[in-house]
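A.B. asks: Construct the entire structure; sequences and hints are all you get.
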Amino acid sequence: MGKKLIPNKVIIEFDNGVFVSGVILYKVNDGGEITRVKTTGIKNADFSKPLLNGLLQKFIKHAESAEGIQE
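Using this note's numbering, the first residue of the sequence shown is number 90, and each one after it goes up by one.
Bear in mind the hints are in silico, worked out from the structure with no lab data behind them. Keep in mind that the hints are not guaranteed to be accurate.
Pairs of lysine-lysine, BS3-like flavour, derived with a Cα cap of 25 Å [unchecked claim]:
1) K92 / K116
2) K92 / K150
3) K150 / K138
4) K150 / K127
5) K150 / K98
6) K98 / K132
7) K93 / K147
8) K98 / K127
9) K127 / K92
10) K127 / K116
11) K92 / K138
12) K98 / K116
13) K127 / K138
14) K147 / K127
15) K150 / K116
16) K93 / K150
Since this is a predicted model, take the numbers as computed values, not measurements.
C.D. replies: In structure tokens form, the structure reads like this:
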């Protein structure tokens, strides 16, 4: 059995509503042996930064709604 990634958590950092950096925390299953948590940065990963910025806006709107904050 080969190695398999077990994703655990993704941390995304924004500054003034714009994506800055991030990290993914994961474990590796190597033939049934699970490693400790490892990390790798996602700053240079191939993804859409505008999509992440839009995702942040959705999170903000959800939090504002939960707090009763009106625009």
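A.B. asks: Which hints from the list above does the structure break, by number from lowest to highest?
C.D. replies: 2, 4, 7, 11, 14, 15 and 16
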